[in-house]
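K.L.:
Residue-level listing of the chains:
Protein chains: 2
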Amino acid sequence: MEVIAESKTKKQGTADLMKKYTYFFGNGKAQGTRDQKSLLGGKGANLAEMTNLGILVPPGFTISTVACKEFYALDEKWPDGLAAEIEENMRKLEEAAGKKFGSKDNPLLVSVRSGAAVSLPGMMDTILNLGINDDTVKGLIQKSGNERFAYDAYRRFIQMFSNVVLNVDPHGFEHILAAKKKKLKAAQDTALKAESLKEIVKEYKEFVKKKTGKPFPEDPKVQLQLSCDAVFKSWNNPRAITYRNINKVPHDLGTAVNVQAMVFGNMGETSGTGVAFTRDPGTGERKFFGEYLMNAQGEDVVAGIRTPYPISRLKEQMPEAYTQLESIYQRLESHFRDMQDLEFTIEDRKLYLLQTRSGKRAAAAAIKIACDMVSEGLITKEESILRVAPEQLEQLLHPTVDMRQKYKALAKGLPASPGAAVGQVVFNAEDAVGWAEEKGKRVVLVRMETSPEDVGGMAVAQGILTATGGMTSHAAVVARGMGKCCVVGCGQLQIDEKGKFFTLKTAAGSVKVKEGDVVSLNGTTGEVILGEVKLAKPDLGSDFKKFMGWADEVRKLKVRTNADTPEDSRVARDFGAEGIGLCRTEHMFFGENRLRAMREMILADNEKDRIKALKKLEPLQKGDFKGIFKAMAGLPVTIRLLDPPLHEFVPKGDAELKKVAKDLKISVKELEKKVQSLHEVNPMLGHRGCRLAVTYPEIYRMQAQAIFEAACELAKEGQRMVPEIMIPLVGIIGELTFTKQDIIKVAGEVMRKFKVNIEYLVGTMIEIPRAAIIAEDIAKEAEFFSFGTNDLTQMSFGFSRDDIGKFLPHYIERGILKIDPFVSLDQSGVGRLIELAVSKGRSIKPDLKVGICGEHGGDPASIEFCHRSGLDYVSCSPFRVPIARLAAAQAVLKEKKQ
Amino acid sequence: MEVIAESKTKKQGTADLMKKYTYFFGNGKAQGTRDQKSLLGGKGANLAEMTNLGILVPPGFTISTVACKEFYALDEKWPDGLAAEIEENMRKLEEAAGKKFGSKDNPLLVSVRSGAAVSLPGMMDTILNLGINDDTVKGLIQKSGNERFAYDAYRRFIQMFSNVVLNVDPHGFEHILAAKKKKLKAAQDTALKAESLKEIVKEYKEFVKKKTGKPFPEDPKVQLQLSCDAVFKSWNNPRAITYRNINKVPHDLGTAVNVQAMVFGNMGETSGTGVAFTRDPGTGERKFFGEYLMNAQGEDVVAGIRTPYPISRLKEQMPEAYTQLESIYQRLESHFRDMQDLEFTIEDRKLYLLQTRSGKRAAAAAIKIACDMVSEGLITKEESILRVAPEQLEQLLHPTVDMRQKYKALAKGLPASPGAAVGQVVFNAEDAVGWAEEKGKRVVLVRMETSPEDVGGMAVAQGILTATGGMTSHAAVVARGMGKCCVVGCGQLQIDEKGKFFTLKTAAGSVKVKEGDVVSLNGTTGEVILGEVKLAKPDLGSDFKKFMGWADEVRKLKVRTNADTPEDSRVARDFGAEGIGLCRTEHMFFGENRLRAMREMILADNEKDRIKALKKLEPLQKGDFKGIFKAMAGLPVTIRLLDPPLHEFVPKGDAELKKVAKDLKISVKELEKKVQSLHEVNPMLGHRGCRLAVTYPEIYRMQAQAIFEAACELAKEGQRMVPEIMIPLVGIIGELTFTKQDIIKVAGEVMRKFKVNIEYLVGTMIEIPRAAIIAEDIAKEAEFFSFGTNDLTQMSFGFSRDDIGKFLPHYIERGILKIDPFVSLDQSGVGRLIELAVSKGRSIKPDLKVGICGEHGGDPASIEFCHRSGLDYVSCSPFRVPIARLAAAQAVLKEKKQ
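Residue numbers (our numbering), protein chains in the order written: chain A, 864 to 1761; chain B, 864 to 1761.
Hints listed in this document are in silico derivations from the structure and should not be mistaken for laboratory results. Any given hint might turn out to be false.
No copy labels: a pair is met if it fits in one copy or bridges any two.
What the hints assert, rightly or not - Subject to a maximum C-alpha distance of 25 Å in a straight line, what follows is the list of computed SDA-like cross-link-like pairs (lysine to any residue): (1) K1708 <-> R1695; (2) K1536 <-> G1354; (3) K1375 <-> S1540; (4) K1515 <-> T1331; (5) K1537 <-> T1331; (6) K1643 <-> I1682.
With these hints in hand, go ahead and build the complete structure from the sequences.
P.N.:
Right, here's the structure in full:
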């Protein structure tokens, strides 16, 4: 949202700024400010801001995003006047730096960096030491007194420039370097002397000429021009486009270019460079946190070749610089009112700031910083709410892979449910239960894909890994509901479920993982790791509670949970759920006894036998409902009546068929025939939901009986509750009237029997596109709507979420879809259908209660949409409840801002 | 539509008529008129009209539908005043008839008949001889001088009244009658004398008392009151409700009740009764056509026990009555301006008309009568267009089962494609081709269900019979396209495709039909008949052409056809198609060579191999397109690029897998793996349509190449054509832009190569709900829209048409759906989505060409909707083109009327 808002500001500004493409900063004054991120990019705006604050920044200028956009409008040519402006700015820069670009006596070298309004990995990043050539290198030697330094800078410049500007394969340079080292028997680059580096420079240039057909550009002005071109062009390189597609960044923002005088942290022992955070990004603790190296370039600090020192040591090593830095970081934090991530360089005892930006932080740190800054009076509560990314909270709720260790992933799937898991591999639910419950072992359940019969095994497993399925596959949905780590769609795995092993090909050859082998899963990244990794435990703390309280004060959407058991209900309530938005009743039928009765019901030839089988299920369901009502005492509980097709309950495979046939005392052949008769070509569009109740009304009658008996018994004990009975898959008004009349009848009978009056609602899922279209008719009969956005997405797009894996990656890659619509609600398509249904429904019943219970109910962007669309509540899996609470609060604040 | 229009008139009238429930007719004057069908029912309105025309009708009165509606509003009680009105009318009736109700000297007997605005089978029909009891029977004997006649009338009345009014099982009466006959050794009812009938009357009454616990009502007034009640109630009996649901008749119309003085055609040899048509209902010939019997009751004429005489014989037998009848029929026809179906009775030489109504007629007769009446100046051309039901035309285009023969159906399925077929049963496509082409035999192809690979076999078969699938299954769609008789979803069949036989259970035991046995199919009724039936050949004639010409003058919708071959295109053009609205390109890939190349393409691991395989297909496709362009020279041809999922093309079954693996020189295992990888859980929502082109762009490129090369080659020969290239399954704007840019590129390349300029369009199917929702975005890129209503219906409802059979019958039965939405477009749901898309699309491009190419394009009600929604054309299978032309014309005229 921020990006779009800024983009608007920028557009308004375009006309006035038409003839100005460059913004100078230096000598304590800058033409730009921090508010011009869309014009100057994040880096440029903050360099300007620091300059204006009187902080020493190497002078330079920013070529604005307007220039970039005109560059594209002019078919990759510079707009009129840009060249002249750059020339003028270079003159100012020479003056400020006291050096001359292209001079062989006192040469000015510059860095050229891209910098868009949002950080974009994949764009051209940086060219250092630009301006160096056979002439100017002499001045550099003279000024630095260090020939080796100068030729090393030269060599690096050629390599960097040739790679990013001239598109020369970097391997060629490495070969030359390696050959030279081999010849001189030098182990490290640092062992090469100035003379050798000089030779390498020559060889590099010959190599570039051979590859490009042209000599390496010696003219600093040409170097600068080509570099600016390269930055502009990098805005539209495939990696950047893909990143923007995935992260929903508009493609027309363009990038700025920052040209800045070079300062060198590697000019000797009075020089150095470092990165620092104004608070601890891991814990949020309020202390200056960072690392530095003396006589080093910026990249050396992060490259890991030399071990940097903690920032506190700088105090001893160079107390003056440290004191300066300390005062700067405090000013920057209170100026930007957020934790900052700084880069600095000390050139010959002189401290320069190269960058400041809001620092990335871990979830716990984000909460602590937000709370602390409110206490410190630095930000308001409302601002603090916007400082924590809702998705981050999930890190807090699950154990995670301890990121301080190094590990190598064996394979990568989709990160379906976050957290981490370590355990021994098992290949079916029965083994999972056996190993975990009987042998007390930690297991990871590995399946091609999971089905409802695997739920027992999933419940006892540490984590779940599947070879197929997407982010909303059965495994993913159930695992998220359980708050259990899950990696799905790991297509590299070749699973032999019978043989109880999987194999996969890696660069290093084929790997075979057998039952009992230990693997680890990183549900946050989708990585599968052979062996055990260390886990970090979750810890919520008091700041979490305080922070979430602030969010709760702000938000308007209620947050309910999707829970099918008393356990899930309690977990969700602890996380702040305000009721159940979706209690799926089918999971209740998968227990041992229940499945048997369910199968009897399905296999019955007539209504009488079906009713007989249902009678066995009724007391069991009643017990389930009582447990859930108790766990949610005083809160609303939405119960969805049976939804899945009956074939999900029938036995699969020969062994199971035999067992069930024996159990039910019918022949295998007869059983097979019945199973066959339940087969559907497109089960998603088949005989399920209320369609079952139209053909077998006795099913919903039994469920209604169980619900009302449970409620009446508890009401007699003094408990208050409002069951909200939800009819799934309604697309035709008659489906609702037909099923509703039975429910009302059963409710009346049960209440008369118990002599108790229970308040209840009968409503419907809106998950069939037709239901949204005729929502005004449905609202006449329904007492609430609950959008089932999983199915609504499937049917609106005509995408089967079980099959989407075949083409979704291509859609994302080609930019046809920006994001999997099962992960984040498709606001421009499915969302319009939802808005239509809400407005049609409320046109009949202005206070119609409307919620959402699909997987999207836990996705922040979707929650923001639900808020804007006037929904009453979202419902999500227990572990996403805090995320939804925060996202709902942010939605209010973002709306306010606009 | 007519029903609804009348229903409105009626509502407006209700207020004025509030206090009047009855309408008298008799003595040459009636209170009602023909225009009051909704108030008096069809029968009552026409009885009134005939009376006003001075035609002798037995006097009587009609109790209006308002009374019926108030009866329901008052919880099945008579409204105030109704009883008094009936009493008053009975007095008038006594006066007019010169008899007295309940008199033992000169008793008035009456008939009580239901009569709604539309004819409704399943409602209570008729009670005759009401008013008879132990007293009045004496008067009847005295007046008729025929004791046997009087007691027979009495017996019949008790039986009829007890059955329809008192709900007594009719079998009880038959037992009594049979026992009496046995005792008296009488073979026929007619052998029973008056005395025996008198005894039977007594026994009947005892039986009724035993069954109902009350004596049989002797009071004529009570008889009348109970009969009226029974008629009112019969409006809502289950059969009537079902009929209304299926035929889309509103449930709130109510029925009228006609009470009329009895006249007797069975009073002796100067009495008689008959039915007649003012023109021949079989041929349409303008001649008086009918049958009669002397000394008989109405039901004897149609019961088939006595053979009636042709009406011409009445001229000799009773010239006076005949002359009168002749003048009456001519007056009625010119008055009602339509062919009439009359019922008359002659009582002692006096001619009474009992009913007149528009006569049902065969298709050929309908056309001839329409044309003749226009020539005669009786009706206008526009009126004539509304006189023929579009669906009827189908009878004319196919050979049909000759209805003059009697046959017994072995089984009944869904009438998927009309016409008739006789042939020897074969169980697979290969055998069909072998028997038909090689052995020259007529075959009927029997399959569980058909797949695209069966198309060759279907083409050579006389007809197709499947055990599964609905009206829009593969078999049904393809057969209709071919104009070939087809019966689908015949669930009684147990087919053993391997054993080459099917069995089915009938009341008479199990029947086994083996390969080579002869069966006949009636595609109009869905009947399967063992052995050969006689067929009637189609004959269009010159009237057909003239009539269709009139329709063409009126209609605004263009009518195109769905055709995939030059042959189909030619047939459709002969039937009046104005272009192709849907040319499916996938059927072109099922030839022997083509399937091989297609499979090579599918099994290829990389783009290069795919392109290689596609290169083999390209010249073959080009040839197909040339053939179709030639057949449709000068007309638009819409070509849909590849749509079905790739797994439809892969081999199925072990034998085929082996064959294909050998053919493609890969291992069976490898082939199996690939086939497995193409499997989808919900193929309908899977990897198909433009989704294939996003992952494999080379497929559409090849197809575009073939289209433009074909067009350019023909253009060089001087032919003009406008290829309309249609992208299927678009739901996201990027799908269209991505595929479109390739097509434009290929078009440009080919046209440059041929140095020819071809006009062409690139448009899209609207068949995904999301596409309708974002239609304004799509309209920016698409040059036309074509609604794929099959898929749009599937996804809007979330119904898989392959699986709907499991619950659709229950939906129809319970009135949740009035009609299969795959047969007639769901106007209130899917239709609103279509209207939305049209309006959004035209908001961007006001002259956007919009058509429909789903199966609904051939359904008259759907065509009327398309006209109202402002579509430009409908496209349907060749044999439905005339139907669509007529329906489109009727849509204009109906709209005008409103």
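K.L.:
Confirm or reject each hint.
P.N.:
Cross-check of the supplied hints:
Proximity of K1708 and R1695 under a CA criterion of 25 Å is satisfied in both settings, with 20 Å inside one chain copy and 21 Å between copies. Proximity of K1536 and G1354 under a CA criterion of 25 Å is satisfied inter-copy only: 14 Å between copies versus 34 Å inside one chain copy. In this assembly of identical chains, the alpha carbons of K1375 and S1540 lie at most 25 Å apart only when taken from different copies (22 Å versus 39 Å within one copy). For the identical chains of this complex, K1515 and T1331 are neighbours both inside a copy (19 Å) and across copies (23 Å), given an alpha-carbon limit of 25 Å.
Within a single copy, K1537 and T1331 get their C-alpha atoms only as close as 28 Å, which misses the 25 Å cut-off; across copies the closest is 15 Å, which meets it. Taking the shortest Cα distances, K1643 and I1682 sit within 25 Å of each other only across copies (23 Å), while inside one copy they are farther apart (36 Å).
Comparing the model with each earlier hint shows no violations; every hint is respected.
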